[in-house]
Amino acid sequence: DAGVIQSPRHEVTEMGQEVTLRCKPISGHNSLFWYRQTMMRGLELLIYFNNNVPIDDSGMPEDRFSAKMPNASFSTLKIQPSEPRDSAVYFCASSPPGLGHEQFFGPGTRLTVL
Amino acid sequence: KNEVEQSPQNLTAQEGEFITINCSYSVGISALHWLQQHPGGGIVSLFMLSSGKKKHGRLIATINIQEKHSSLHITASHPRDSAVYICAVRKGQGGSEKLVFGKGTKLTVNP
Numbered sequence: 001d002a003g004v005i006q007s008p009r010h011e012v013t014e015m016g017q018e019v020t021l022r023c024k025p026i027s028g029h030n031s032l033f034w035y036r037q038t039m040m041r042g043l044e045l046l047i048y049f050n051n052n053v054p055i056d057d058s059g060m061p062e063d064r065f066s067a068k069m070p071n072a073s074f075s076t077l078k079i080q081p082s083e084p085r086d087s088a089v090y091f092c093a094s095s096p097p098g099l100g101h102e103q104f105f106g107p108g109t110r111l112t113v114l
Numbered sequence: 001k002n003e004v005e006q007s008p009q010n011l012t013a014q015e016g017e018f019i020t021i022n023c024s025y026s027v028g029i030s031a032l033h034w035l036q037q038h039p040g041g042g043i044v045s046l047f048m049l050s051s052g053k054k055k056h057g058r059l060i061a062t063i064n065i066q067e068k069h070s071s072l073h074i075t076a077s078h079p080r081d082s083a084v085y086i087c088a089v090r091k092g093q094g095g096s097e098k099l100v101f102g103k104g105t106k107l108t109v110n111p
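Protein chains in written order, with the working numbering: chain A, 1 to 114; chain B, 1 to 111.
Calculated directly from the structure, the hints in this document are not laboratory data.
Take the hints with a grain of salt, since some may be wrong.
What follows is a set of in silico ranges between Cβ atoms, one per label pair, in the way DEER data are often shown [said to hold, decoys possible]:
(1) B:HIS56 / A:ALA2: 20 to 26 Å
(2) B:SER50 / A:PHE74: 27 to 33 Å
(3) A:ASP56 / B:GLN9: 39 to 45 Å
(4) A:THR112 / B:LYS54: 34 to 40 Å
(5) B:HIS38 / A:PRO8: 16 to 22 Å
(6) B:ALA76 / A:ILE5: 32 to 38 Å
(7) B:ASN2 / A:PRO61: 16 to 22 Å
(8) B:GLU3 / A:ILE55: 42 to 48 Å
(9) B:THR12 / A:THR112: 28 to 34 Å
(10) A:PRO8 / B:LYS53: 37 to 43 Å
(11) B:ALA76 / A:GLN80: 46 to 52 Å
(12) B:GLN14 / A:ASP63: 48 to 54 Å
(13) B:GLN9 / A:ARG64: 29 to 35 Å
(14) B:SER51 / A:VAL12: 41 to 47 Å
Part of the chain A face toward chain B, derived, beta carbon under 10 Å [said to hold, decoys possible]:
(15) TYR35
(16) GLY59
(17) VAL89
(18) HIS101
(19) GLU102
So these bits of chain A aren't anywhere near chain B, every CB distance computed over 10 Å [claimed, not checked]:
(20) SER7
(21) GLY16
(22) ARG85
Even glycine gets a Cβ: it sits at the ideal position worked out from N, Cα and C.
Build out the structure end to end from the sequences listed, making use of the hints.
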């Protein structure tokens, strides 16, 4: 299996621009997670989906962030407009059906907002 | 105060040494995860446990639910074990899959 796929791997943009991060979960997995990692705050859950439905978005920082999962094989995290404090590594992870399974992480997208 | 605390924050060891990384949490949990983040940034799940002990190769994870504490041990450490080790807990007894993470322990094993 190819594992969780994220694109782009690196993104450099200017403040105010729209940024879209993409994730393809492992086939057959029905939970998908978006995380943000910074030096100051470590890893934080932004939002997670189960069967394409958002279950917990309490970690989404503000209205500038939005996430969608239009089908079982694709999800996006959008930041509009981006700000320098959004600079971080964004990870997508997926897990198989049922509670309490390990999560499989993608390679991450390193976002730099100038 | 963070709900998940790890110690030490940084750890340097010589090859062959026995390593212990600790994780304490302050909330009720249904499971605890240990993750490894390689120097290149990739994250791998090492263990998921809700009681007792698990072993995989040179790695051993234990959890004490009553004391709200878990340890990750590495026997016969090797330079390739150098990484950041992250503890994460799944809160509560309900159906949430949400994980809360510790800040990580950076391990450096010197040859």
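These are the hints, each one checked on the structure:
1. B:HIS56 / A:ALA2: 20 to 26 Å: Given about 24 Å between the Cβ atoms, the range holds.
2. B:SER50 / A:PHE74: 27 to 33 Å: At roughly 32 Å between Cβ atoms, PHE74 of chain A and SER50 of chain B fall inside 27 to 33 Å, so the hint holds.
3. A:ASP56 / B:GLN9: 39 to 45 Å: violated, 28 Å
4. A:THR112 / B:LYS54: 34 to 40 Å: Since the Cβ atoms of THR112 of chain A and LYS54 of chain B sit about 38 Å apart, the hinted range of 34 to 40 Å holds.
5. B:HIS38 / A:PRO8: 16 to 22 Å: holds, 20 Å
6. B:ALA76 / A:ILE5: 32 to 38 Å: holds, 35 Å
7. B:ASN2 / A:PRO61: 16 to 22 Å: holds, 18 Å
8. B:GLU3 / A:ILE55: 42 to 48 Å: Hint violated: Cβ distance 20 Å, outside 42 to 48 Å.
9. B:THR12 / A:THR112: 28 to 34 Å: holds, 30 Å
10. A:PRO8 / B:LYS53: 37 to 43 Å: holds, 41 Å
11. B:ALA76 / A:GLN80: 46 to 52 Å: holds, 50 Å
12. B:GLN14 / A:ASP63: 48 to 54 Å: holds, 51 Å
13. B:GLN9 / A:ARG64: 29 to 35 Å: holds, 31 Å
14. B:SER51 / A:VAL12: 41 to 47 Å: Distance hint for SER51 of chain B, VAL12 of chain A holds at roughly 46 Å.
15. TYR35: holds, 8 Å
16. GLY59: Status holds, d = 8 Å.
17. VAL89: OK, holds: VAL89 of chain A within 10 Å of chain B, min 7 Å.
18. HIS101: holds, 8 Å
19. GLU102: holds, 4 Å
20. SER7: holds, 15 Å
21. GLY16: holds, 27 Å
22. ARG85: Correct as stated: the minimum Cβ-Cβ distance to chain B is 19 Å, above 10 Å.
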